[in-house]
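Visitor: Taken in order, these protein sequences are the chains called A and B. Heads up: the first sequence runs through residues 7 to 95, numbered per our numbering. Heads up: the second sequence runs through residues 3 to 420, numbered per our numbering.
Among the clues, some could well be false.
Stated by the list, open to error - Simulated crosslink set (EDC-like; lysine to aspartate or glutamate; CA at most 20 Å straight-line):
1. B:K416 to A:E61
2. B:K32 to B:D163
3. B:K416 to A:E44
4. B:K249 to A:D47
5. B:K234 to B:E248
6. A:K58 to B:E248
7. A:K58 to A:D78
8. B:K416 to A:D28
9. A:K11 to A:D78
10. B:K416 to A:E22
11. B:K234 to B:E358
12. B:K416 to A:D46
13. B:K234 to B:E33
14. B:K233 to B:E153
15. A:K53 to A:E22
16. A:K53 to B:E248
17. B:K354 to A:D46
18. B:K331 to B:D163
19. B:K416 to A:E93
20. B:K219 to B:D187
21. A:K11 to A:E92
Read the hints as simulated data drawn from the structure, not as lab findings.
Residue-level listing of the chains:
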Amino acid sequence: MLYIKCPHCGMRPQTEFSYGGDASVKRPELNKDISDQEWDDFVYNRKSLRGKHLELWQHISGCRQWIKVERDTSTHEIFRTFRADEEVA
Amino acid sequence: MQKYSIFNLVKNAFSNHENWDLAWKDPTPKEEYDVVIIGGGGHGLATAYYLAKEHKITKVAIIEKGWIGGGNVGRNTTIIRSNYMHDENGLFSEFGMDLWRKMSQDLNYNVMFSPRGIINLAHSDAQMNAYARRGNSMRLNGIDAVLLNREQVKEIIPMADFSENVRFPIFGGLMQPSAGTARHDAVAWGYARQADSMGVDIIQNCEVIGFDVSAGKINGIRTSRGNIKAKKVGLCVAGSTNILAEKLNMTLPIETHLLQACVSEPVKPVLDNVVTFGAGHFYVSQSDKGEMVMGGDLDGYNSYAQRGNLPTLQHVLTEGIAMMPFLSKLKMLRTWGGIMDMSMDGSPIIDKTHIEGLYLNCGWCYGGFKATPASGWTFAHTIAQDRVHELNAGYGLNRFSTGHLIDEKGLGTKTWIS
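Excised from the complex, chain A in its bound form (with noise of 0.2 Å):
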C-alpha cells in the first residue's frame, strides 16, 4: 500500500485517490498556431521516467482535490506532494 500525503488532507492510503499521469505534460496554447507533432506531443507521446516522476493524482475518495505527487517509479518512493496549481521547481 503506498501512502500519500494530500496537501489538504494529510497522510491517507492510496486507496483513497485515482492516478492522472505525467504531470509535466502541458496542453498547447490557445489561440496560436499549433502544429501537428505539438498536438501529437501533448495526446500521446509520454516519457514515463525511470526515477523522480512529477505526476497528478486526484483525491477522489477524500476532499476531491487534484494534487501532484513526486514519486520513484523504480522504488515507489514518494517524495514530496503538492497542490495542483503549486509551480514545482
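Using the hints provided, position chain B relative to the given structure of chain A.
Guide: Leaving out everything else, chain B in the frame of chain A:
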C-alpha cells in the same frame, strides 16, 4: 545441434544424461553484426530466429541486460488467443495462431501448446450483443468464434457462479475454441536454442548504455561489454522501451506500467479453459501442475518496479471470487509483477523509425506473450526487407499523429484505466 528425440533420449540415458550439448552458447560479443536485437525476451529471440530462418541473416546478436527469458516472457499468464474484432489485430494474431500450432515441431522443443479454448463471459444483454458483433468480425477473418448462451456456459464451467441474485449474472459468453495456453519459458528457450544453432550470438548480462547514430543513421550500440557495430538495430525491450528511447531522443506513445499475476496452490483438475470475467478485468486458467493462474488489472501508476501492491491484487481477486466463488478457498502460492509497455491505443507498434536502420517493436500492453511468434516473424521481415509486412502495416508508429488508431480497447490515452 543435437535433435531432441526419443532416440537421443535413450542414447543419452546410457551416459546418465551428462553429455547433452548446451542448449545455447555463451559467446563474447563480436566487433560487428548485420543485425543487433536488443532484448532477449520472447519477441527478441523469435525475431532473431526468423531473421535466420526466413531471411538467411545469421550475423545477428541478441543483447540482453539480464538473462534471456527473465522479463515478461517468464512472467505472463501464458494465454494465447486471436479473439480480436479489428482486422489489424485479428489477422496478425491469427497468423500467430498458425505459428503456435506448428511451434513444437518447428523448434524441436515441446512448448506444450494447449488449445483449450478461451471464454469471455458476458453479464448483460448489451455485452452479448457486443460479443456477437466481435464474434462475427472474427469469423469474417477466418477465426473461430462461438457465441454461448447461459446454459452452454454452465455446461462448460459449472463451477462459476450461476445463482440468480448475483451482482453480475452470467448471460453467456464468447468462446474461441482454438485459443489456449503454452509453456512460456519453453517458448523462450526453444527460440534461443534454434537461433543459436543457426549462428545467432546470444549475449547475456550485457546492458545497452548508448547508441551510435550519425547523419540520421544507426552505426552501432554502446554496451557494458564494449562497442558493437551494427548495420541494423531492433528494439524489443517491452517495458524498458522508454529508457532506451530517451537515449535516442525519442518520445513515444508508450507508458510503462506494472501488471501483477498470481497462482494458487495446486488442486485437482477443475477448469479446462481460460475464462475471463466480463464485468471487470480478471482471467483464470489452470496450469498443468494444477495451480489456478490468475491476473487482471494494472496497478495503475507508472512503474518500473516489477513488483506490485496488494490493493490491486485484492481488487482483482474480488472479481475472481465473484465469478468463481470456490477460488476463495484456495491458498495463494505466488504473486509477481512485470512491467508493461502500454501503448496509447492498446495496440502494439512494429515499425521503422526516423533513424535509418533502427526498428521498433513495443506497445504490447497485456498481450505480448501470445504475439511472440507473429511479432518475431513480422519484425524480422521489417528489419530484413527494410519495410513493414502487410500483417504489421497497421502497427505504424505514426498512426497516433495521423489518427489511424486501432481502437480495439477504447481506452483513450489513459493507459492505466481498464
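Visitor: Now tell me, hint by hint, if it's right for this structure.
Guide: How the hints compare with the structure:
1. B:K416 to A:E61: holds, 13 Å
2. B:K32 to B:D163: violated, 58 Å
3. B:K416 to A:E44: holds, 18 Å
4. B:K249 to A:D47: holds, 18 Å
5. B:K234 to B:E248: holds, 19 Å
6. A:K58 to B:E248: Holds, at about 15 Å.
7. A:K58 to A:D78: Holds, at roughly 4 Å.
8. B:K416 to A:D28: The hint holds at about 10 Å.
9. A:K11 to A:D78: holds, 15 Å
10. B:K416 to A:E22: Holds, at roughly 19 Å.
11. B:K234 to B:E358: Cα-Cα ~8 Å, so holds.
12. B:K416 to A:D46: holds, 15 Å
13. B:K234 to B:E33: At roughly 14 Å apart (the allowed maximum being 20 Å), E33 of chain B and K234 of chain B satisfy the hint.
14. B:K233 to B:E153: violated, 58 Å
15. A:K53 to A:E22: violated, 26 Å
16. A:K53 to B:E248: holds, 8 Å
17. B:K354 to A:D46: holds, 18 Å
18. B:K331 to B:D163: holds, 14 Å
19. B:K416 to A:E93: violated, 24 Å
20. B:K219 to B:D187: With Cα atoms ~35 Å apart, K219 of chain B and D187 of chain B exceed 20 Å; violated.
21. A:K11 to A:E92: It holds: about 15 Å lies between the C-alpha atoms, which stays within 20 Å.
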